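Read top to bottom, the protein sequences are chains A, B and C.
Remember, our numbering sits 46 above the position in the first sequence when you count from 1.
Remember, our numbering sits 30 above the position in the second sequence when you count from 1.
Remember, our numbering sits 376 above the position in the third sequence when you count from 1.
Hints listed in this document are in silico derivations from the structure and should not be mistaken for laboratory results.
For clarity, every value in this text was computed on a predicted model and none was experimentally measured.
Misleading hints may appear alongside valid ones.
[To be verified] Which stretches of chain B does chain A cover? Using the computed rule of at least three CB atoms under 8 Å from a CB of chain A, they are: (1) 117–130; (2) 372–381.
[Unchecked claim] Listed next, the in silico PhoX-like pairs over lysine-lysine satisfying Cα-Cα at most 25 Å (straight line): (3) A:Lys-242 - B:Lys-394; (4) B:Lys-370 - C:Lys-587; (5) B:Lys-337 - A:Lys-267; (6) C:Lys-701 - A:Lys-267; (7) A:Lys-268 - B:Lys-391; (8) B:Lys-394 - A:Lys-268; (9) B:Lys-409 - A:Lys-242; (10) A:Lys-242 - B:Lys-405; (11) B:Lys-176 - C:Lys-701; (12) C:Lys-587 - B:Lys-79; (13) A:Lys-242 - B:Lys-391; (14) B:Lys-153 - B:Lys-176.
Heads up, the beta-carbon is just placed ideally off N, CA and C, and yes, glycines get one too.
Here are the chains, one letter per residue:
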Amino acid sequence: MEKFKNTPVVRAIGFNRIVLIGVILLMYLIFAVLTPVLRGGASFVKFERVLSALNYAYFIGFLGLGVTFVIATGGIDFSLGPVMFTSALISGYCLMHFHWPLWLCILVSLLIGALFGVLNGYFVAYRFLPSFITSMASMQIAKGVGSVFTKTQSVTWPASGNENSWFRYLIKWGNIPTGLILLFLIAAVCAVVLNKTKAGRYILCIGSNREAVRLSGVNTKKWEMLAYILCGLLAGAAAIFYVGAYTTVQPGLGDTFNNEAIAACVMGGTSMAGGIASILGTIIGALIVALMQEGILAMGFTISYQYVLTGIIVLIAVTADTLSRRKRV
Amino acid sequence: MGDTILTMKGIDKSFPGVHALDHVDLEIRKGEVLALMGENGAGKSTLMKVLTGIYKKDAGTITYEGREVEYTDPRHAQEDGIVIVHQELNMMGHLTVAQNIFIGREPRAGLFIDDAKMNADAKKLFGQLNIEIDPQETMSRLTVGKQQMCEIAKAISHKAKIIIFDEPSAALTDAEIEQLFKIIRGLRDQQLGIVYISHRMDEIKQITDRVTVMRDGCYVGTLITADCTKDDIINMMVGHVIYEDPKTESHVRPDAPVVLKVEHLNAGRMVRDVSFELHQGEILGFSGLMGAGRTETARALFGADPKESGEITIKGKKVDIRTPEQAVAAGLGYLSEDRKRFGLALKKSVTENSTLTCLPKYCKGPFLNQKEERKVTRKYVEALNTKTPGIDQLVVNLSGGNQQKVVIGKWLIGDSDILIFDEPTRGIDVGAKQEIYELMNQLVEQGKSIIMISSEMTEILRMSDRIIVMCEGRITGELGIEEATQARIMHFATLRS
Amino acid sequence: MEKKKTETHRPLLRSFGAQQVIVIGVIVVLFLFFSVASASFRRYTTVVTLCNYMYYILLMAIGVTFPLITGGVDLSIGTGIICYSIVGSYMISQKGMPVLGGMLVALLLALIIGFVNGIIIAKLDLPPFITTLCTMMIARGLGSILTGGLSGVWPMAGSPGGWCRSIFKITVGGRVIPIGMIWMILLVAVMSVILRRTRVGRYIIAIGSNKEALRLSGVNVVKWQVIAYLISGLFAGLSAISYACTFTNITPGTGAGLELDAIGGAIIGGTSMTGGSGSIFGTFLGVLVISLLKTGLPYIGLQANWQQIITGMVLIGAVAIDMAKRHQAE
Chain A
47 MEKFKNTPVV RAIGFNRIVL IGVILLMYLI FAVLTPVLRG GASFVKFERV LSALNYAYFI
107 GFLGLGVTFV IATGGIDFSL GPVMFTSALI SGYCLMHFHW PLWLCILVSL LIGALFGVLN
167 GYFVAYRFLP SFITSMASMQ IAKGVGSVFT KTQSVTWPAS GNENSWFRYL IKWGNIPTGL
227 ILLFLIAAVC AVVLNKTKAG RYILCIGSNR EAVRLSGVNT KKWEMLAYIL CGLLAGAAAI
287 FYVGAYTTVQ PGLGDTFNNE AIAACVMGGT SMAGGIASIL GTIIGALIVA LMQEGILAMG
347 FTISYQYVLT GIIVLIAVTA DTLSRRKRV
Chain B
31 MGDTILTMKG IDKSFPGVHA LDHVDLEIRK GEVLALMGEN GAGKSTLMKV LTGIYKKDAG
91 TITYEGREVE YTDPRHAQED GIVIVHQELN MMGHLTVAQN IFIGREPRAG LFIDDAKMNA
151 DAKKLFGQLN IEIDPQETMS RLTVGKQQMC EIAKAISHKA KIIIFDEPSA ALTDAEIEQL
211 FKIIRGLRDQ QLGIVYISHR MDEIKQITDR VTVMRDGCYV GTLITADCTK DDIINMMVGH
271 VIYEDPKTES HVRPDAPVVL KVEHLNAGRM VRDVSFELHQ GEILGFSGLM GAGRTETARA
331 LFGADPKESG EITIKGKKVD IRTPEQAVAA GLGYLSEDRK RFGLALKKSV TENSTLTCLP
391 KYCKGPFLNQ KEERKVTRKY VEALNTKTPG IDQLVVNLSG GNQQKVVIGK WLIGDSDILI
451 FDEPTRGIDV GAKQEIYELM NQLVEQGKSI IMISSEMTEI LRMSDRIIVM CEGRITGELG
511 IEEATQARIM HFATLRS
Chain C
377 MEKKKTETHR PLLRSFGAQQ VIVIGVIVVL FLFFSVASAS FRRYTTVVTL CNYMYYILLM
437 AIGVTFPLIT GGVDLSIGTG IICYSIVGSY MISQKGMPVL GGMLVALLLA LIIGFVNGII
497 IAKLDLPPFI TTLCTMMIAR GLGSILTGGL SGVWPMAGSP GGWCRSIFKI TVGGRVIPIG
557 MIWMILLVAV MSVILRRTRV GRYIIAIGSN KEALRLSGVN VVKWQVIAYL ISGLFAGLSA
617 ISYACTFTNI TPGTGAGLEL DAIGGAIIGG TSMTGGSGSI FGTFLGVLVI SLLKTGLPYI
677 GLQANWQQII TGMVLIGAVA IDMAKRHQAE
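Could you put the whole structure together from the sequences, leaning on the hints where they help?
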């Protein structure tokens, strides 16, 4: 086993990640076998299933990427889901009611996400408020803002065929899952930012020991704020992928996605204590969450099972992380 | 003085790399106040921790009231009547005095806690000690002195027979110290055995009956307070140590400019009106006992902690330093004394830690220039002879000495002109120490200037060109290396103004 | 409840700190503001609406005050009250249990979740927020799973079993009297006494003040920490019952966000996020502020979405002030 762990391929990807990929394959197998058993006639092994799962994976993936940066600093962001919805609502409203050009609305979505990132980042980095309560409060504010803006109406983005529907090509072009390509692309960018830039270096070191970084002469507040802004930005991006797949957004929803994004993140090996983060792990985690959701529904269970399982998974992942940390140090 | 109530014989205790207690003896008698003295690191605290069960001894015996005992938990020692009043009080600030004293053993009236009885009992305890404290006052509202008296009351309520005071007067006003002494005398009259750990000579003279001195983990001897002088005690504390290569004269050029001038630095209780100068190419030693305020001074200077006042002039220009960022920009570097807490991101690699002070220098735009980064890290790992399997090794896996070298490397890479080393060789083996000393000498030859805070006398005398001594937040003495001796330093270190 | 003005109750009186006076001031200002701004606010029905909010929020808040005092938090109470009331409703309407039985089932489930929270936090030493976040998720799904996803309704007034509603509201001569407030005030008094004068409260405060010092004093810290979360669970169960008996349709899977009203109320009332201090009466006042906002805002045209924005801002404000206070104290 040790020899396997030390081969160069395994070390590059990370043993955890290999395990997770194994988990995905195993899950697929289980769903493929059980679906016809539990729901006679239904089959899991269809291309549509994969596409459907991918639709879910996209926006969860973006949310997960964003929260990875925040968790890397040792914080947490519970406002992701509602911020994503609010961005989709407001930019969608601008599109449908003010008739702004689509590219501008996409920008608006990103901007709104970033603004909430500024809100969270300010209170956490500059005012030293606990990140969980701050982001929960901004979650409420996000829910409210979205609803107020659209006067509590839901917003439906244009269906394909419409002149303004080219954003759907971001998710799927014919049979090509462009969304997946974009997700990997952006994930790659995130990985570069996290591992190869000054910003990422500071973010990770702050998560490991904020005070030591401060005493080394670094303006830790600035970089911590940046992590939250990045998270918000990615939530704004996630919005586009959500509406690309599901078309209609309703105000006031979104918090279940928080937990799924966090689950993807911690499953993938990012430590809640901060300092250690893996973009690849988050992506695989997002795929697992999406596949799980698809499989649960395919087997005839309700989304409630997803909620319960996600809760249990995060609990196990965080416990494992905490226990392993305690052993080492 | 009464009979012996407790003896410790041949106590031995080692930690990885450190022989903390070497066959130490101690004798506590009833109705007597015994002073326990020694320099930082002499082993006084460790000995008491072994006695009360916080540490497990490697060898030796403890005989208490005629029977041999060994405690594994301070609670057991407490139940048996041996209580320590720590420097950091173990109090729950949000509860009242009485609630703190009787925590865990509250008297009950039916379903409820009988607060009335608790308050009355507390009042009785305070009466025994002759102090005026309101049992219903919230603990955090009391002064440190009063809080300490509550700890004493708590100890008595446990029917203590031996009370150990660990640096009790450090945070007290003069009036409170007087009260404390009255209480201690009262306890002594009640035939308790008291151990008084302190470095304050005048207090030792006032309140104690005998003095036991330790040095470098060894028992040196015991004197009768009334029969000895301050110098007798200092000589025992300091001993006749042979230092290798003590510095005989200052290596600073006579025309060396002043690179750092600090005027009237004030930051709370521990930094009071501190003013000093640092010359180019100088190693300025900061000596003093624990709690003297040296680290606090360095941190206030470096912008790590807020300060109330103080002017800092670097190379002739006044600078405003309120954050470490500004300090680093002005050319200062600070190696804190607790490298694990403040110096290193433990889960990060040697490389990642090494470039923290000047990361922008190793970047191409927003991107890290990892090639250059690794090059410079390797260079300093070699130069400092840091033993690590590789520069990607996580710092947490290195030994203490090598961790310290990574920290030093970090500041060298940052190229600060003025370096503040706070206990640079703490927890480091002899060989590595040597390397660090050589390094420091090289640095000043290259034109850098160093402030070295150290509690190790030999180190101070070996490395410093000039020595500043602090005591309780104030600078009490300044010595050129030619005129410096351990005894003279100790004199200033215990000089309370 | 007799208020003995003896010496031993001085700490109780001291809980009337400056913060609570300010909060009372805020309540008065809010009340006047809404009364002036809207004629409809000045009608009697407003009191009933206010009490409807007060019941379930106050019960949650009383419970969560205890984990907050230990320096932790319980986020599972929001989705929890929906889960417990749904399961209770399922037992009553689908399984033919008497209403009392439904109540007991709800309480039992709440206590189980509370125990799970407490054990994980106290023994495994996981951060409270992530632990209770997970149980919040689990509670969210659990209700639907156990009941097959049906929304639930507890028996209405007038039907057999509808007596449960008259615990909180009775109709006398055309007017609805919120008698539930009597129970609330009683509970506030009882829990206040428990906090101040029993070992439960004493040790919970001690844990929040200095857990290590308490441990060194020989007290079983794990036990009392678990009890803090059990209390939170118990009151989440009571809140579930009040929610069910006050409103009609309960939709499974909802409830996320309700806990913030409770936590916000506790913090406004003086309970600190850092632990060691808190007062049940303060929580009562804080919840009154939150409920007043929820009741009054619709009258000036600001619907639920504005409420969310405002409660969010109020929460951040309350925590920021709490942090500033602690910084000052140090």
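Against the 25 Å threshold, does the CA-CA distance of Lys-337 (chain B) and Lys-267 (chain A) hold or violate the hint? holds, 20 Å
If you draw a straight line from the CA of Lys-268 (chain A) to the CA of Lys-391 (chain B), is it 25 Å or shorter? holds, 18 Å
Hint check: Lys-409 (chain B) vs Lys-242 (chain A), CA-CA at most 25 Å. Holds or violated? holds, 21 Å
Straight-line alpha-carbon gap Lys-242 (chain A) to Lys-394 (chain B), limit 25 Å: At roughly 11 Å apart (the allowed maximum being 25 Å), Lys-394 (chain B) and Lys-242 (chain A) satisfy the hint.
Does Lys-242 (chain A) pair with Lys-391 (chain B) here, judged by a C-alpha cut-off of 25 Å? holds, 14 Å
Is the hinted pair Lys-587 (chain C) and Lys-79 (chain B) satisfied, with a Cα-Cα distance of at most 25 Å? holds, 21 Å
Pair hint Lys-701 (chain C) and Lys-267 (chain A), alpha-carbon separation not exceeding 25 Å: holds, 21 Å
Please verify whether Lys-242 (chain A) and Lys-405 (chain B) have alpha carbons no more than 25 Å apart. Holds, at roughly 16 Å.
Do the alpha carbons of Lys-176 (chain B) and Lys-701 (chain C) lie within 25 Å of each other, as the hint requires? Cα-Cα ~24 Å, so holds.
Whether chain A covers the region 117–130 of chain B (at least 3 residues having a Cβ closer than 8 Å to its Cβ atoms): Per the Cβ count (0), the hint is violated.
Checking one constraint from the list: CA of Lys-370 (chain B) to CA of Lys-587 (chain C), max 25 Å. Satisfied? Distance ~24 Å between Lys-370 (chain B) and Lys-587 (chain C) Cα, so the pair holds.
Coverage assertion for the region 372–381 of chain B with respect to chain A, Cβ distance below 8 Å, three residues required: Coverage by chain A holds here, the residue count being 7 at a Cβ distance below 8 Å.
When each numbered hint is compared with the structure, a violation occurs for hint 1 only.
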